[in-house]
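S.K.: Listed below, chain by chain, are the residues.
2 protein chains.
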Amino acid sequence: MNTVHEIDEVRNKVKMWKREGLTVGLVPTMGFLHEGHESLIKRAVSENDKVVVSVFVNPAQFGPNEDFKIYPRDIERDAKLCECAGADLIFNPEPSTMYCEDASTTVNVKGLTEELCGVRRPVHFGGVCLVISKLFNIVTPDRAYFGEKDAQQLAVVKRMVRDLNFDVKIIGCPIVREADGLARSSRNVYLSEEERKAAVVLSRSLDGAEKALNSGERNASRIKEIISQKLNSELLARIDYVEVADSVNLKPVSGDIDGSVLVAIAVYIGKVRLIDNFTFRI
Amino acid sequence: MNTVHEIDEVRNKVKMWKREGLTVGLVPTMGFLHEGHESLIKRAVSENDKVVVSVFVNPAQFGPNEDFKIYPRDIERDAKLCECAGADLIFNPEPSTMYCEDASTTVNVKGLTEELCGVRRPVHFGGVCLVISKLFNIVTPDRAYFGEKDAQQLAVVKRMVRDLNFDVKIIGCPIVREADGLARSSRNVYLSEEERKAAVVLSRSLDGAEKALNSGERNASRIKEIISQKLNSELLARIDYVEVADSVNLKPVSGDIDGSVLVAIAVYIGKVRLIDNFTFRI
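Chains A and B supply the protein sequences, listed in that same order.
Sequential numbering of the first sequence, starting at 4, is according to this note's numbering.
Sequential numbering of the second sequence, starting at 4, is according to this note's numbering.
Because the hints were derived from the structure by calculation, they are not lab data.
Each hint should be verified, as a subset may be incorrect.
As the list claims (entries may be wrong) - Just the calculated beta-carbon pair ranges, DEER-fashion:
(1) A:P98 / B:T282: 31 to 37 Å
(2) B:L25 / A:N15: 17 to 23 Å
(3) A:D105 / B:P125: 51 to 57 Å
(4) B:R165 / A:N15: 15 to 21 Å
(5) A:T26 / B:C103: 24 to 30 Å
(6) A:R22 / B:E50: 20 to 26 Å
(7) B:E196 / A:T26: 32 to 38 Å
What the hints assert, rightly or not - Here are a few chain A residues that face chain B, going by a calculated C-beta distance under 10 Å:
(8) D77
(9) N111
(10) V112
(11) L115
(12) R162
(13) M163
(14) S250
(15) S257
As the list claims (entries may be wrong) - In silico DMTMM-like pairs for lysine to aspartate or glutamate, Cα to Cα no more than 25 Å straight-line:
(16) A:K21 / B:D145
(17) A:K172 / B:E97
(18) B:K113 / B:D210
(19) A:K113 / B:E97
Think of the CB as a built atom: it goes at the ideal place given N, C-alpha and C, for glycine as much as any other residue.
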């Protein structure tokens, strides 16, 4: 697998491809790739002539008390997965390559970033917007692929791309789940055996909500109650948030649900914070 | 002169040029073009195969009590000047083309934007960063040209380009002056005949400072005094700021001057706020 660490190496490669008239897909990741990432890469491979996977644990999107230092890393395994999935290039820069010591530019999306995960993680989405802007300017992809598991990130990136006129098509891809329903996440590795079993409560609680919606339930509070009750039945689970939000502006829906909504949850299983969601259109 | 108003029209034109292997220069302006802009366009024409001039009075860079509504506009005259200077395309969008009603993305450069003009104009540079990001993503120029009259803008844009990895070379061009020394500015049109005469005090005050520096004066406070005394000798002039700043980080220099400094002033002549500056390297 061709893995490069310097910005100019990526730029030169992509420029060469573009001169040949080839299209380029980007899959931005923080590495420790799992089947979710694999599905993004495969989708990118099917839709573009060349695919770049960035592997960069971005310090700017971690808060001071978050898990930047211990975030799992395994670039050799990542390279194998990328190769098997058909990617053409891995961009794996050092933090010092991406951020000058006196870096002082910020990119933010107001509103969208203040809901849901933005409450608990106030610096997170600014860091995401910053690094995605940088990656877009470095790789200049035709298309970029993001998982729907990070639904808020996907909404924020779409908004940023629209507002800043990035010439990149943003493609959201379905959540990939373990056999028991747990959404794939690099952070699942933090879970003890007992916690791993308990973590299934996230997807189960959403299943219950989806079933209720399919049966005609329209009241947002009732949907949230169904989810919370299920989550509270698991002793190891502690709710961060359970929300029914407008799927475009992410504002909480009160009263009856109409149009397209994002049903999103964040739950601590022990000390590990996990998220999950689904979108429902009426 | 080929003038287009829609984003896709510019994009398609530039993509056609790039497919032919041509280089593209961008001169971003707010229109009402004068000899300063002309010098930027001519420089761009000499260094690029194709030149785009954007003419857009950007609402985002005006504060609530500033002159957005009355800012002078004359697209027909601008088109003639662009044509004579050798530009290939004018991009002249409507504000509603550039900004969605629910636009919510911000781009900012911390630090640099809080000095000098940033004190009086707290939203200005955020608006500049936003529109320049958008224009770079729309036009994807190889080079972009900015006047050194807006020295802080130039420093901010350079920092933003570095921090966000825009693949654009930023080129600063010397201030163009009237016969008596007044820096060319679209806002000079606001001056009454009497104010126009008085406005020469800006460049004269800087001439005095430069003379002192050339004679060996190194004390920043003394340089500021020389400028302020001259400005205060003009009854119609009211100082906004007189500053000697580090030319990279724009922080005020105290004590003795060393390295490269920006000597910058902002002065009200009647109600018209004018700026001027020079850079001095020791």
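S.K.: All hints, please: hold or fail.
M.R.: Comparing the hints with the structure gives:
1. Judged by the Cβ atoms, the range 31 to 37 Å given for P98 (chain A) and T282 (chain B) holds: they are separated by roughly 33 Å.
2. Look at L25 (chain B) against N15 (chain A): about 20 Å separates their beta carbons, and that is inside 17 to 23 Å.
3. Range check, D105 (chain A) to P125 (chain B): about 22 Å between beta-carbon atoms, so the 51 to 57 Å window is missed.
4. Distance hint check: the CB atoms of R165 (chain B) and N15 (chain A) are about 19 Å apart, consistent with the given range 15 to 21 Å.
5. Roughly 27 Å separates the CB atoms of T26 (chain A) and C103 (chain B), a value that falls within the hinted 24 to 30 Å.
6. Remark: the range hint 20 to 26 Å for R22 (chain A) to E50 (chain B) is upheld by a beta-carbon distance near 21 Å.
7. Between E196 (chain B) and T26 (chain A), the C-beta spacing of about 60 Å breaks the proposed range 32 to 38 Å.
8. Checking D77 (chain A) against chain B: minimum C-beta separation of about 26 Å lies over 10 Å; hint violated.
9. A distance limit of 10 Å between C-beta atoms decides the matter here; for N111 (chain A) the minimum to chain B is near 5 Å, and the interface restraint holds.
10. A cut of 10 Å between beta carbons decides the hint on V112 (chain A): the least distance to chain B is about 5 Å, and the hint holds.
11. A least Cβ separation of about 7 Å between L115 (chain A) and chain B falls short of the 10 Å threshold, and the interface hint therefore holds.
12. Interface restraint check for R162 (chain A): the shortest CB-CB distance to chain B comes to about 6 Å, inside 10 Å, so the restraint holds.
13. The beta carbon of M163 (chain A) is positioned within 10 Å of a beta carbon in chain B (closest approach about 5 Å), and the interface hint is therefore held.
14. Interface hint status for S250 (chain A): violated, as the beta-carbon distance to the closest one in chain B is roughly 14 Å, over 10 Å.
15. Interface hint at S257 (chain A): violated, since its Cβ lies 20 Å from the closest Cβ of chain B, which is beyond the 10 Å cut-off.
16. The hinted pair formed by K21 (chain A) and D145 (chain B) meets the criterion: a straight-line CA distance of about 15 Å does not exceed 25 Å.
17. A distance of roughly 24 Å separates the Cα atoms of K172 (chain A) and E97 (chain B); the hinted pair therefore holds under the 25 Å criterion.
18. Restraint check: the Cα-Cα separation between K113 (chain B) and D210 (chain B) comes to about 31 Å, which exceeds 25 Å; the hinted pair is violated.
19. Annotation: proposed proximity of K113 (chain A) to E97 (chain B) holds, straight-line Cα distance about 23 Å (limit 25 Å).
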